[in-house]
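The lines below spell out each chain.
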Amino acid sequence: MREIEELPLAVVDAAPVIPGGPPRRPVRDAVVTVATYVVSIAVALALCALLVAATGGSWEKVFSALIDGSLRSPGAWGLTLTTAAPLLIVAVGTIVATKAGLVNIGQEGQLLIGASCCAYVAVRIPGPGWFALLAALTAGLAGGALWAGLAAGMRFWRQVPEVISTLLLVFVAFQLVAYGLTKTWLLLDRTPRINKNNTGEPLPTDRTFGHLHLFGNDVSLSVVLALVLAVLIALWLSRSVGGFRLRMLGLNPRAAQRSGVSAVKVGGTALVASGAFAGLAGGVLLTSESAGDRVTTAFSGNYGWQGLLVALLARDRPLVAIPMALVFAALRTGSGFLAATGVERRIADVVQAMLVLALLIPPAIAAIRDRRRAVAAARAGAMATAPATAGAAA
Amino acid sequence: MIWDVLSSSILYESAFRLAVLFVLAATGEWMAERAGTLNISLEGMIIAGAFGAAVGSSTFDSVWVGLGYAAVAGLVLAAVQANMSHRLTANQFVVGLTLNVLVVGLTAFLNAELKPVVQRAGVVEIPLLSKIPLVGTAFFGQSWPAYMVYLAVPLAWFLVFRTRWGLELRACGENPQSADVSGVHVNKRRRQAIYLCGIYAGLGGGFLTLAQVGTFEPQGVAGRGFIAIAAVIFGGWTLKGTIAGCFVFGTAQALGSVLQALGYRANPQLLTSLPYVLALATMLLFAHRTRPPAALARPFVRGLT
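Listed in order, the protein sequences are those of chains D and S.
Mapping of the first sequence onto our numbering: position 169 corresponds to residue 169, and the numbering continues sequentially without gaps.
Mapping of the second sequence onto our numbering: position 266 corresponds to residue 660, and the numbering continues sequentially without gaps.
For the record, the hints were derived by calculation from the structure and aren't laboratory data.
What you are looking at is a predicted structure, and each value in this text was computed from that prediction instead of being measured.
There's no promise every hint is true.
As the list claims (entries may be wrong) - DEER-style ranges, computed between Cβ atoms:
1) D:Lys61 / S:Arg683: 49 to 59 Å
2) S:His682 / D:His213: 52 to 62 Å
3) S:Val399 / D:Phe63: 48 to 58 Å
4) S:Ser456 / D:Leu50: 24 to 34 Å
5) S:Arg683 / D:Arg124: 39 to 49 Å
6) S:Leu664 / D:Thr205: 27 to 37 Å
7) S:Val575 / D:Ser64: 31 to 41 Å
8) D:Arg124 / S:His682: 37 to 47 Å
Glycine included, every Cβ here is placed at the ideal spot set by N, Cα and C.
With the sequences and hints as input, model every part of the structure.
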């Protein structure tokens with residue numbers, strides 16, 4: 001009893017739920033919520049447009065180039081879908097960790113390590129293509145899991161905050177892969193060539209994902225894998241005992257401990273799983289060839305960070321992450337067309353981050369509104385009961 | 395070899411120069427954490443400061459204006475972080491992380507559009523003191539913005555430990571409910587701590603651009619903000635320990651260039667990752683022995699009770 005009571009309170013993100021609850025005005029609230037979303041997204045996009053205009057660009061051209069690059073030009077939407085797959089996988093993994101109350105923000109490194117492990121196995125393992133692909137993806141998964149496992153071990157063995165350790169491991173991962181790319185027995189291209197500085201070995205073509213040809217677009221089968229994972233995790237989180245325990249740990253660690261949920265086991269597994277997803281995403285990125293067919297030092301190309309933003313944007317709902325991943329993938333593929341407009345392509349990164357910030361505001365405003373109402377309701381209740389108790393005392 | 399390295403004044407000079415950014419940023423972060431915020435956007439604040447310094451010094455041809463811009467840039471980012479996490483009560487990690495991504499993109503975009511030409515700060519040797527053998531130039535023969543640390547750190551100590559404001563600040567980090575009952579506006583104190591952190595980190599970024607590197611590169615900060623956060627943990631949330639951590643990490647970062655200057659060969663990837671590995675290792679050793687502020691990273695929402 002004693003040690004349980006001394007445990008720290010849960011980390012509460014939103015307003016606490018107040019008994020009795022605030023008075024509900026469903027229709028008006030829905031209208032206000034939609035309005036705040038529309039306004040904050042509009043403000044975010046307007047700020048980005050203003051930024052482009054202020055630096056002498058034309059935002060109409062930027063917008064049209066983004067649409068061209070992501071949807072309109074031949075083969076564009078197939079590429080967008082293929083790009084969305086690793087983003088979605090990273091995001092789904094992030095959601096698993098966040099639901100358990102852990103903040104994994106080292107996906108970029110986990111993804112790079114995963115991609116490297118995947119490449120190592122893919123160019124070495126004999127056997128039929130499908131088997132090699134499966135083995136390579138498993139290696140990617142294991143690599144990411146290991147990298148997150150380091151942070152998980154530090155978190156649960158020595159109370160090192162995972163927020164910092166996952167982040168610092170990103171920078172170690174970069175150097176580790178850079179080192180691997182200088183040695184042929186690790187990642188460096190083994191074929192003797194003149195100029196082979198710091199590039200990995202190209203993947204044999206039978207070790208890559210197949211493509212679906214749809215209306216003149218090549219869609220990688222990795223998209224199917226990503227969608228299946230998102231749906232499975234959504235179901236697992238909402239419908240299974242394991243998912244329930246995980247969410248319980250995230251919502252209230254004290255209550256979770258009292259009902260026998262081990263923070264170390266469940267939380268550690270969640271953190272490792274989120275790394276595994278990021279590692280798998282690295283493998284998918286490599287084997288779907290949307291970022292080249294070999295590992296380089298810059299291979300991860302912000303896929304990890306952006307997948308993380310997708311998860312934040314989806315506010316930890318795996319199914320909502322699907323459209324969000326598409327939006328981010330569209331901004332990514334679209335930004336490739338920005339060079340023609342003379343606007344620096346990093347504007348796409350700005351738009352992404354501004355969207356995330358914009359979508360943080362409406363729920364926060366709603367939480368404040370609910371809290372104010374609850375306080376008002378409680379005060380009104382106190383006023384109503386106060387004379388009665390005073391009378392009883394007299 | 396070890397003796398060679400330890401007896402060369404280059405090591406101390408370089409270590410101090412690299413530690414200045416850590417000291418400024420970590421002191422700011424320390425204040426924010428003592429008030430109860432684990433401020434992840436420290437990295438972004440440094441990048442913003444580094445870019446602000448580049449723009450300021452480029453437009454006005456003055457290092458002073460550059461530093462001013464750096465502080466303002468850090469403060470602007472701090473204002474967003476503080477108001478979103480301690481007014482709107484959005485998750486502080488989510489806000490901080492998004493801000494980091496935003497700042498990297500925004501500064502890369504603006505840098506390509508504006509192409510600032512940085513004005514570098516000159517070296518000022520303090521007479522007599524800079525003549526101390528071995529460590530004289532390290533502590534007193536740097537380019538002048540480095541001497542900010544001699545003002546900034548005692549100021550932070552005075553504010554946190556010798557003023558009423560600082561006492562309230564620490565109360566907000568330890569027991570926000572009690573602080574609230576005693577009439578302290580918890581979220582306001584926390585916001586103020588983040589503002590100060592933004593100014594400090596911005597100045598650190600300014601130092602990086604104006605005195606250390608001489609140009610602005612969007613990727614140039616490369617996680618130094620996170621090392622500064624690790625320094626606070628290393629120091630067990632004490633100011634002395636934090637500063638010590640900064641010098642340890644600064645020395646680790648200096649080691650690469652010093653070994654090269656002395657003619658030793660070492661694995662470049664290992665040397666680059668040394669500060670990060672060291673930060674992780676020290677956290678592994680010390681994190682469980684120290685006690686963080688009791689309400690660290692817990693948002694304060696005034697309830698009905």
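Requested in this report: Determine whether the Cβ-Cβ distance between Val399 of chain S and Phe63 of chain D falls within the hinted range of 48 to 58 Å.
Outcome: holds, 56 Å
Requested in this report: Please test the hint of 24 to 34 Å on the beta carbon pair from Ser456 of chain S and Leu50 of chain D.
Outcome: With a Cβ separation near 28 Å, Ser456 of chain S and Leu50 of chain D satisfy 24 to 34 Å, so the hint holds.
**Report entry** Cβ separation of Leu664 of chain S and Thr205 of chain D, checked against the hinted range 27 to 37 Å
**Finding:** Holds, at about 35 Å.
Report task. Indicate whether the distance between the beta carbons of Arg124 of chain D and His682 of chain S respects the range 37 to 47 Å. Result -> For Arg124 of chain D and His682 of chain S the Cβ distance comes to about 40 Å; the hint holds.
Query raised in the report: Between Val575 of chain S and Ser64 of chain D, is the Cβ distance one that fits in 31 to 41 Å?
Result: The hint (31 to 41 Å, Cβ to Cβ) is violated, given that Val575 of chain S and Ser64 of chain D are roughly 57 Å apart.
Query raised in the report: Lying within 52 to 62 Å: is that true of the beta-carbon distance His682 of chain S to His213 of chain D?
Result: holds, 56 Å
**Report entry** Status of the given 39 to 49 Å range, CB of Arg124 of chain D versus CB of Arg683 of chain S
**Finding:** holds, 44 Å
Query raised in the report: Using the C-beta atoms of Lys61 of chain D and Arg683 of chain S, is the stated range 49 to 59 Å upheld?
Result: holds, 58 Å
The structure does not agree with numbered hint 7 stated previously, though it agrees with all others.
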